[in-house]
Amino acid sequence: MSTKTRQRRRYTDEFKRQVVAESFDPEVSVAEIARRYEMNANALFNWRKDPRFNPPLAEREPVFLPVEIRAEDHAPVTTGPAAEAPIPPEAPSTSPSPIEIALVCGTRLRVESHVEEAALTRVIRAIGAAA
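First residue of the sequence shown? That's 1 in full-length UniProt numbering, and the numbers climb one at a time after it.
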């Protein structure tokens, strides 16, 4: 029986930074990048979490995120004589409208509109750090 021992590959910090930068391309998956360099995708995910190889968000190019606005619980719009009648002001809604946030890492976060800003900021930062 033949037992081959596989040498552990060593990568330079510059190489890691280059591969991590490529892994943030939205057109390519992390698995594709890992296959391209014949490496384990888990290693690349670990490098993405490491601040030595992953530039802070402030240094990355800004990205526009898609926003979807849905009309919910609104009265239908009418035209004609009925539309000319004055519309009484609506009472403030007692149920808060939820807010859904899609983070760059793919995580979708849904919170109520009355969430405390400081707490929400901590949660978003924690998710970003774990991604």
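Where hints are given, some of them may not hold.
Cβ-Cβ distance ranges computed for the label pairs, FRET-style [unchecked claim]:
hint: 1; residue 1: I69; residue 2: R9; range: 46 to 56 angstroms
hint: 2; residue 1: F45; residue 2: R108; range: 13 to 23 angstroms
hint: 3; residue 1: D13; residue 2: L109; range: 28 to 38 angstroms
hint: 4; residue 1: I99; residue 2: R6; range: 21 to 31 angstroms
hint: 5; residue 1: I99; residue 2: R8; range: 41 to 51 angstroms
hint: 6; residue 1: D50; residue 2: A119; range: 24 to 34 angstroms
hint: 7; residue 1: R9; residue 2: A129; range: 38 to 48 angstroms
hint: 8; residue 1: L120; residue 2: A71; range: 23 to 33 angstroms
These are calculated hints, taken from the structure and not from any lab test. Just so you know, these numbers come straight off a predicted model, no measurement behind them. The C-beta atom is built at its ideal place from N, Cα and C for all residues, glycine as well.
Violations among the numbered hints, reported as their numbers in ascending order: When the structure is compared with the hints, numbers 4, 7 turn out to be violated.
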